[in-house]
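Protein sequence lines, in the order shown, are assigned to chains Y and Z. Counting in the working numbering, the first sequence runs from 29 upward without gaps. Counting in the working numbering, the second sequence runs from 2 upward without gaps.
The hints are simulated quantities; they were obtained by calculation from the structure and are not laboratory data. Everything hinted at is true.
Some residues of chain Z that are not near chain Y, with every Cβ distance over 12 Å (derived):
(1) S3
(2) A73
(3) S123
(4) V149
(5) A153
(6) L159
(7) I160
(8) R165
(9) T166
(10) I179
(11) R183
(12) I251
(13) S255
Straight line, CA to CA, 27 Å or less: simulated DSSO-like cross-link-like pairs of lysine-lysine:
(14) Y:K30 to Y:K214
(15) Y:K274 to Z:K122
(16) Y:K35 to Y:K362
(17) Z:K167 to Z:K191
(18) Y:K214 to Y:K35
(19) Y:K35 to Y:K370
(20) Z:K191 to Y:K350
(21) Z:K285 to Y:K158
(22) Y:K158 to Z:K292
(23) Y:K158 to Y:K350
(24) Y:K60 to Y:K274
(25) Y:K214 to Y:K362
Now the stretches of chain Z that chain Y is said to cover, found in silico as 3 or more residues with beta-carbon under 8 Å:
(26) 78-92
(27) 103-116
(28) 230-241
(29) 261-272
(30) 276-286
This one's a predicted model, so the numbers in the text were calculated from it and none came from an experiment. Where is the CB? At the ideal position from N, CA and C, for every residue including glycine.
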Amino acid sequence: MKKQNEKILTILALIVLGVLVYLAENNLDAYKLRILNLGAIYATLGVSLNLIYGFTGQFSLGHAGFMAIGAYVTSLLVLPPYYKEMIYILEPLAWPFTVIHTPFVVALLLSGLFAAIAALIIGLPVLRLKGDYLGIATLGFAEIIRIIANNIPQITNGALGIKGIPEFTNLWWTVGVAVVTIYIIKGLIESSYGRALMAIRENEIAAEVIGVNLTYHKVMSFTISAFFAGVAGGLFACLLTTIDPKAFMFVMTFNILIVVVMGGLGSITGTVLAAFLFNFSLEYLRPIEAGFNIGPIIIPAIPGLRMVTFSALLLIVILYMKNGLMGGIEFSWKGLARFISKIFPNKKSSEGSAR
Amino acid sequence: MSLHLVLQNLANGLSLGSLYALIAIGYTMVYGILRLINFAHGEIFMLAPYFLFYGVLIFHLPWWASIIVAIALTAVTGMLSERIAYRPLRNAPRISVLISAIGVSFFLQNLAIVIFTGIPKSVHRPTFFKRLFQFGEIRIQSTLFASVIVSAIFMTLLIYIVYRTKTGLAMRSISTDIETSRLMAVDVDKTISITFAIGSALAAVGGILWGLRFPQLFPLMGMMPGLKAFIAAVVGGIGNIPGAMLGGLILGMSEILFVAFLPALSGYRDAFIFAILILILLLKPNGILGKNIQEKV
Numbered sequence: 029m030k031k032q033n034e035k036i037l038t039i040l041a042l043i044v045l046g047v048l049v050y051l052a053e054n055n056l057d058a059y060k061l062r063i064l065n066l067g068a069i070y071a072t073l074g075v076s077l078n079l080i081y082g083f084t085g086q087f088s089l090g091h092a093g094f095m096a097i098g099a100y101v102t103s104l105l106v107l108p109p110y111y112k113e114m115i116y117i118l119e120p121l122a123w124p125f126t127v128i129h130t131p132f133v134v135a136l137l138l139s140g141l142f143a144a145i146a147a148l149i150i151g152l153p154v155l156r157l158k159g160d161y162l163g164i165a166t167l168g169f170a171e172i173i174r175i176i177a178n179n180i181p182q183i184t185n186g187a188l189g190i191k192g193i194p195e196f197t198n199l200w201w202t203v204g205v206a207v208v209t210i211y212i213i214k215g216l217i218e219s220s221y222g223r224a225l226m227a228i229r230e231n232e233i234a235a236e237v238i239g240v241n242l243t244y245h246k247v248m249s250f251t252i253s254a255f256f257a258g259v260a261g262g263l264f265a266c267l268l269t270t271i272d273p274k275a276f277m278f279v280m281t282f283n284i285l286i287v288v289v290m291g292g293l294g295s296i297t298g299t300v301l302a303a304f305l306f307n308f309s310l311e312y313l314r315p316i317e318a319g320f321n322i323g324p325i326i327i328p329a330i331p332g333l334r335m336v337t338f339s340a341l342l343l344i345v346i347l348y349m350k351n352g353l354m355g356g357i358e359f360s361w362k363g364l365a366r367f368i369s370k371i372f373p374n375k376k377s378s379e380g381s382a383r
Numbered sequence: 002m003s004l005h006l007v008l009q010n011l012a013n014g015l016s017l018g019s020l021y022a023l024i025a026i027g028y029t030m031v032y033g034i035l036r037l038i039n040f041a042h043g044e045i046f047m048l049a050p051y052f053l054f055y056g057v058l059i060f061h062l063p064w065w066a067s068i069i070v071a072i073a074l075t076a077v078t079g080m081l082s083e084r085i086a087y088r089p090l091r092n093a094p095r096i097s098v099l100i101s102a103i104g105v106s107f108f109l110q111n112l113a114i115v116i117f118t119g120i121p122k123s124v125h126r127p128t129f130f131k132r133l134f135q136f137g138e139i140r141i142q143s144t145l146f147a148s149v150i151v152s153a154i155f156m157t158l159l160i161y162i163v164y165r166t167k168t169g170l171a172m173r174s175i176s177t178d179i180e181t182s183r184l185m186a187v188d189v190d191k192t193i194s195i196t197f198a199i200g201s202a203l204a205a206v207g208g209i210l211w212g213l214r215f216p217q218l219f220p221l222m223g224m225m226p227g228l229k230a231f232i233a234a235v236v237g238g239i240g241n242i243p244g245a246m247l248g249g250l251i252l253g254m255s256e257i258l259f260v261a262f263l264p265a266l267s268g269y270r271d272a273f274i275f276a277i278l279i280l281i282l283l284l285k286p287n288g289i290l291g292k293n294i295q296e297k298v
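The task is simple: from the sequences and hints, build the whole structure.
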C-alpha cells in the first residue's frame, strides 16, 4: 500500500473516531462515559509508560508520582480563586496559587511541563541504575512526591485533598489527548531517536559502542513519558473532580504497568486495547459484588468480591498469554490489508487483476 | 535529648528493625533464586496475624498453638502462591512473573477483605506480652524483647539451614545458576517450594510479632511494611541474607531515630526511608553487602 493511501485511511479513521466520540457524548449516560474516559486516560498513561519501559527498556515505576504532579497542578490552576479560599481549611493557600486561574488547556500543558521537569531532575541521577534497581528507585521517588503532597497543606490541602474540581474532562479531551500522545510517541519511535531508544533496550553496551548517547536518550525518553503522565493526571483530576494523595499510591503505577504488560510490551495498539479492557472488566464485574441468585441459592452482597474476581482473571490471563494480547505486534494499514486479503483471497485477487 | 530517651529509642529501633529483617529475608531469598520481586510477600505477612486472631477467637486454641498453626498456614499459602502463579511462568519473561506477583498481591488483599471484612480487628494479646519491663528510666514492652529475641533465634536457624544443610546448598546453587543446578540433579521445583515456605514462615513470625506490637489488623496492613522490608532487602544488597538482616536493622533504626530527633518532620518519615534507599542505590548500586558484578561485553 502506498504512503499516500495510508495517510488518507488514517484521516478517515480519525473522522470515524470523531463521529463515534460525538455520538457517545450525546447518547451515553454519565456512568458509561466515565468508563470510556477512564479507558482513554489509561491509554495515554499506558502508551507513555510503554515509551520508557516497552521501547527504551528502562523499568520505571514512577508514573503515579508524575500523575500526582499533573493532577495537583491542574486542579490548582483551574479552580476559581474564591473557591480555593473556601476549601483550604487546614492552612491558607500559599500566595501565587491564590490568584492564578488559567483555562483548562494551559493547565494541562503546565501539568505536563511540571511533571517533565520533575522527571528531568529525578532522571539525571537515577537513570544510571539498571533493571529492578531503577524500578525501585523510581517507585521511591513517586512515593516521596506523594508524601510531600501529604505534608504541604498550604498548597495541596494535605490529606484532605482538593474537592469540587470543575468537571472539564469529557471524551473529546481524553480521546483527543490519547490520539495526540499516540501520534507523538509513534512519530518519536519511528524517528532516528526511536531507533536509538530501541538499541538501548536491546543492549546498552552495544548501543553505546555505535555512538548512542545513553544518558541523553534515556533522560529524553523518561521526560517525554513523564510529560504525558502529567497531562493524563490533569485529565484524571478533572474527571474525578476530587483528588487526594492516597489516589496516587504505588498501586496506581501497578495498574498502568498491568495495562502495558497485558497489551504486550512495545505495542501501542495492545496498550490501547488493554487500557479499555482493563476499565471495562473492572466496571462490568460490579454486579458480582451486589449479590445475586443462582437458582434457589441466594448469594448476599459481599464487598471485595469484584476485585477478587478481577485479580483471579488477571492471573489467568497472565498465565495463559505470556506475551500479552498483541505480543508486541503493532496495528498497521498494511497488516490489515494483508489480513483482509488472507480472509477473502478471491475477491482481493480479482480486484487486483481488474486494475 | 537525655540519655535514657536515646536508649529507649534505640531499643524501639532495634525491635522494629528486627521485624523488617524477618520480612526482608523472604524478599531476598526469592529474589536471589528467581530474580523476582515478590510483591505478594506483604500480603503473606498480613495473613499470619489474621490466622492467629481466628485461631484464638473461633477455634479457642491456646495462643501458643494458634501461633504454630498460623505460621504453618502462612507457609502453605506462600508455597501455594508459588505453585499456582509463579511456577507455570518459569520460562516466561520476568515482567510477566512480576505482574503475576502483583496479581497474587491484589488477590490475597481482596480475599482478606471478603473473608475478614475491612473492619480493623484487634489481636488478643496473651498477658505475658502486655507486661512492661523497667530498667531505671527505660520502659520496655515485653513484645519489644520478644521481637528481638525471636527474630535472633529464627535468623540463626535460617543461617544454619542455608549454609549448613543440603537443602541450603541446593538453594545457594540455584541462586548461582538454575540450569547447571538442574544438571547436577538438584530438584529445582522442590527447593524453590521450600524457599517460599521458609520465607513465608519468617514473614509469618514477623507478622505475628507485628500484630502483638501494633494490635490492629486490617487487610491492607501488609502494604507499607512489605514495601519497606523490600527496601531493606535492597539496601542490604538483594539476594544476600545477612544483607537483608542488616538492611532491616538500618531501616528500623533510622525510621525511629528520624522521628525521635526531628519530631516536627515526622510526616516525612517514609520519605526519609525512600531517600535513604535512593542515596544508597546511587552510591552503592548493589546494596551495602551486595556483590559488585562487573558487566561483561
